Every structure is written in structure tokens, then in C-alpha cells.
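Visitor: Sequence:
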Amino acid sequence: MARNKSSISKAHTLQEIGEFWDTHSLADHWDQTSEVEFIVRAKRRRRVTVDPDVYSQIEEQAHINGVLPETLINLWLAERLQRVKRMARAKAA
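Numbering follows numbering that gives the first Met the number 0, in which position 24 of the sequence shown is assigned residue number 23; successive positions increment by one, without gaps.
Hint data in this document are derived by calculation from the structure and do not stem from the laboratory.
As the structure is a prediction and not an experimental result, all values here were calculated from the model.
Watch out, some of these pointers could steer you wrong.
Unchecked claim - Pair by pair, the computed Cβ-Cβ distance ranges are: (1) Glu18 x Ala89: 46 to 56 Å; (2) Ala91 x Glu36: 45 to 55 Å; (3) Asp50 x Ala87: 19 to 29 Å; (4) Met86 x His28: 51 to 61 Å; (5) Arg44 x Leu13: 38 to 48 Å; (6) Glu18 x Lys42: 28 to 38 Å; (7) His11 x Arg85: 41 to 51 Å; (8) Leu13 x Ala77: 37 to 47 Å.
Yeah, the Cβ is synthetic: ideal placement off N, Cα and C, and Gly gets one too.
Build the full structure now, drawing on both the sequences and the hints.
Guide: Next up, the structure:
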């Protein structure tokens, strides 16, 4: 992690920074802050329509697995795409 000379927490790791802010309020350190500007390059999300009955089943499975439905869908799609790629490579060989 890059060393920041104006670090309020004086922490050396992300873990230590998190622990510091879990137990401190920024309101107590406001005078030690300065305004900054930064650019956020968020990846564009795509929306896909899912049949309501299918989505209900996904919600149920997501709840069982302790993840959000969106996370479960992304995991399942990634797994399926990997399987399709492996099958295509096996056919080509």
C-alpha cells in the first residue's frame, strides 16, 4: 500500500485502516481532512430479463447459499461459460 503522509489512522495495512475506522468517527478528525478529487471508472452493468418463476428459484438458491441472487447468477454463468469453452477445445483437439 502506498504510504500516505496525511494518514489519520497511522495504519500500515488495509486491515489496520479498517479496524481503526470501525472504532473511530470521521467527525472527530474532520479538521485533519482535505478536499480531494478523483475519477471513478466503474464497469458498465448489463441488465438481462429473467422469467419471474426462474428468478424465484434463483432467489431461493441464493438464500440457501448465503449470497445475493445477482452473485449466484454471475457464478453460474461463469461456470457454464468455462464448461462450454472446455468442450469446444476438446472438440477442436
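Visitor: Could you run down the list of hints and mark each one as holding or not?
Guide: Checked hints:
no.	hint	in the structure
1	Glu18 x Ala89: 46 to 56 Å	holds (48 Å)
2	Ala91 x Glu36: 45 to 55 Å	holds (50 Å)
3	Asp50 x Ala87: 19 to 29 Å	holds (27 Å)
4	Met86 x His28: 51 to 61 Å	holds (56 Å)
5	Arg44 x Leu13: 38 to 48 Å	violated (26 Å)
6	Glu18 x Lys42: 28 to 38 Å	holds (29 Å)
7	His11 x Arg85: 41 to 51 Å	holds (43 Å)
8	Leu13 x Ala77: 37 to 47 Å	violated (26 Å)
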